[in-house]
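Participant: Take these sequences, add in the hints, and give me the full structure.
2 protein chains.
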Amino acid sequence: MMDMKEVKIKQIDGGVNAAAGFKAAGVAAGIKYTGRNDMAMIYSEKDAVVAATFTSNVVKASPVKYDMKIVSDSPYVRAVVVNSGIANAATGKQGMELCENTAKAAAKALNIPENSVLVGSTGVIGEQIPFDRISAGVDALAAKLSDTREAAADAERAIMTTDTVPKEVAVTVEIGGKTVTIGGMSKGSGMIHPNMCTMLAYICTDCNISREMLDLAVKRDIADTFNMITVDGDTSTNDTYIVMANGLADNPKIVSEGDDFDAFYAALHFVDEYLARNMAKDGEGATALFEVKVTGADTKENAKVLARSVVGSSLCKAAIYGHDSNFGRFLCALGYSGVDFDPDKVSLKYESRAGSVCVFKNGLKADYSEDEATAVLSEDEVTVVIDMNAGDAKATAWGCDLSYDYVKINADYRS
Amino acid sequence: MMDMKEVKIKQIDGGVNAAAGFKAAGVAAGIKYTGRNDMAMIYSEKDAVVAATFTSNVVKASPVKYDMKIVSDSPYVRAVVVNSGIANAATGKQGMELCENTAKAAAKALNIPENSVLVGSTGVIGEQIPFDRISAGVDALAAKLSDTREAAADAERAIMTTDTVPKEVAVTVEIGGKTVTIGGMSKGSGMIHPNMCTMLAYICTDCNISREMLDLAVKRDIADTFNMITVDGDTSTNDTYIVMANGLADNPKIVSEGDDFDAFYAALHFVDEYLARNMAKDGEGATALFEVKVTGADTKENAKVLARSVVGSSLCKAAIYGHDSNFGRFLCALGYSGVDFDPDKVSLKYESRAGSVCVFKNGLKADYSEDEATAVLSEDEVTVVIDMNAGDAKATAWGCDLSYDYVKINADYRS
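Heads up: the protein sequence lines correspond to chains Y and E, in order.
Convert by adding 42 to the 1-based position in the first sequence; the result is the number in our numbering.
Convert by adding 42 to the 1-based position in the second sequence; the result is the number in our numbering.
What the hints contain is simulated information worked out from the structure, not anything from laboratory work.
Heads up, none of these hints are tricks.
Where chains are identical, the list cannot tell them apart; a pair therefore holds if satisfied intra-copy or between any two copies.
Straight-line C-alpha distance at most 20 Å; calculated SDA-like pairs for lysine to any residue:
1. LYS403 - MET138
2. LYS450 - THR329
3. LYS135 - ASP409
4. LYS261 - ARG319
5. LYS107 - PRO385
6. LYS111 - ALA149
7. LYS403 - GLN136
8. LYS342 - PHE383
9. LYS150 - ASP174
10. LYS387 - GLN136
11. LYS135 - LEU406
12. LYS111 - GLU142
13. LYS407 - ASP384
14. LYS407 - ASP386
15. LYS107 - ASN143
Facilitator: Quick look at the structure:
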């Protein structure tokens with residue numbers, strides 16, 4: 043990876059439609075919810091190359107299967123139609139037909155080829171989506187498409203399920219003397235676990251980049267961002283990450299690795315990490331972002347496995363919720379990760395806006411103040427830094443604490 | 043495995059000291075708790091062969107490391123000393139010395155060889171155990187050893203942490219014209235996850251059996267019982283399963299496979315499954331036993347992986363807590379288990395004392411009554427039966443639901 047300090051990334055006020063040529067809309071289509079947005083559309087005025095990753099779950103929702111084919115076979119895309127409320131998963135032939143009919147309706151409303159339309163769904167598994175509502179929704183969305191901030195917010199709210207806040211971000215970066223913009227939105231909250239980007243994320247950029255280079259950037263970056271977050275260990279049937287690039291920034295086309303690719307990659311990484319962190323922080327019932335940084339590991343892969351094991355542990359998550367310096371749990375979760383290491387070399391500290399406290403040093407409890415540890419753990423963003431003292435590799439994973447509300451939300455999610 | 047129907051196993055009233063020649067005791071030694079038993083001792087009047095399995099966690103508590111050496115090197119054992127309150131894990135050299143000194147004290151008090159004493163601990167990680175309390179506790183235990191029901195109960199309560207009920211079981215089985223007895227106790231509750239028996243389980247039998255055959259029985263049975271339960275996915279640093287056989291039943295010594303071995307194995311399986319199920323049912327905060335039966339899998343190993351994935355899913359566990367027929371979550375958890383299968387062949391039903399309801403048939407939602415499903419899911423023992431329709435292999439896993447109380451217990455476990 044390049045040295046990111048050389049690339050100047052500027053975060054700007056904006057959402058999924060921040061880049062040139064992209065429009066968005068959100069409407070209340072009554073799929074399952076009443077009185078709130080539940081359908082979104084993203085539209086690119088110009089053909090956009092696309093790169094995507096999807097859930098590794100064997101049980102793939104219909105829109106995932108549909109989009110995998112479009113991404114694989116279509117030279118470019120123009121639009122995405124997404125609904126929340128029903129996941130269109132475990133819905134058999136009827137579920138696939140719904141995807142086809144949704145794409146047909148959008149193609150007609152927008153006057154674009156059917157195979158340039160992507161679809162997405164999130165919500166309850168096993169129920170069929172009523173097509174008449176999707177059909178009416180598509181027409182309403184097509185009529186509302188806009189590049190305003192309000193339109194982005196409409197779309198971002200429409201893809202939320204148990205999310206408490208919409209997730210959006212936009213940045214600019216200079217590439218070949220031109221200003222390239224990347225905007226994105228995502229939704230997360232539950233059924234969030236590494237093994238692909240998590241739930242739905244849509245990134246739109248006006249960067250002029252070849253499909254191969256866009257693919258490369260996505261493959262590299264997902265592994266360090268969306269695949270490093272977890273809320274509850276449950277990898278969804280619908281996970282979808284899509285990035286579309288329509289070239290309207292008019293930068294010299296990126297067709298190989300080099301400074302321009304590095305600049306784009308750095309900006310995409312900023313967007314991906316921002317959305318991933320915010321999805322983790324807004325995990326179901328979460329009161330705090332739980333960040334785990336593993337340093338001094340023997341290999342990068344082991345660093346990742348260790349970080350993910352700790353961030354995914356129910357006992358560690360509950361300790362964060364309780365602001366309880368129960369460091370043995372972090373050690374325990376390292377121990378069952380599958381990675382071999384010497385426990386007597388491990389050191390642990392907590393970090394947050396309230397300070398930093400070392401609680402475990404070279405395999406033994408450190409001399410520390412419980413009050414200080416509690417203060418550090420009581421912030422809404424808490425980092426556990428684990429030094430394996432076994433090498434130079436490091437990795438960061440993001441999750442959230444485990445609260446009463448997680449249970450409450452999930453004990454009666456459908457009602 | 044043999045046909046179990048041919049073996050007559052009789053459950054009897056009794057606990058860990060039910061078999062001939064075994065005594066038990068429990069005392070309040072003030073290790074960490076006050077006013078409750080926190081030290082237990084098991085004693086065999088006669089040399090006992092031993093078989094054991096321990097945690098797979100890389101971070102192994104001192105008593106685990108100590109016992110592994112005793113089990114490996116000693117020809118027989120005579121006693122076990124266990125404490126709750128502090129786990130003696132991540133305690134370095136001082137922790138190992140505590141184990142040695144505990145064994146020395148017990149050897150002296152009981153007049154047995156030091157290398158015939160096993161030790162065990164459960165509780166908070168990272169703290170040192172005060173040896174003066176252990177030393178006083180060992181003397182008090184040695185003086186109280188007894189074969190009464192009350193003595194068993196004293197010991198069983200002493201090893202509990204967040205357990206709400208003690209777990210004990212005793213059975214008899216006829217082997218070679220003699221009545222063989224097996225008694226056992228265990229504690230579980232949190233940090234419970236397959237990958238070895240879970241937390242502490244001690245089984246005492248008067249069966250006359252060679253060490254090799256005892257080892258074989260344990261290895262075979264643990265895989266189908268203790269390794270198939272989970273409470274929270276966290277494999278403890280202290281997991282210990284020990285079975286001791288002192289031969290006092292005077293049956294013809296079991297030195298090879300055959301009818302006698304099969305009879306012993308069946309009885310041991312009964313004891314192990316009973317204790318494992320009850321540990322799952324008494325998982326931290328649990329309101330229900332959550333049993334997952336996978337049938338029709340292509341291989342036994344895949345059946346186990348699938349069953350464990352569902353029983354360990356936070357979302358599935360929360361659905362059981364909420365009596366919510368959110369069958370998509372079970373399907374989702376099958377899908378991310380790592381096993382490949384055809385989702386369109388899967389069928390799902392719920393079973394409990396309240397009846398049986400099929401909710402998902404060959405990849406599609408079945409026509410069922412939500413009220414009936416809720417009724418079936420509202421019992422305190424609920425089974426989800428999953429037919430993969432891909433072969434003849436099957437497996438069962440046990441866990442519990444995820445409740446507010448799990449979070450409450452674990453957010454301030456140390457206080």
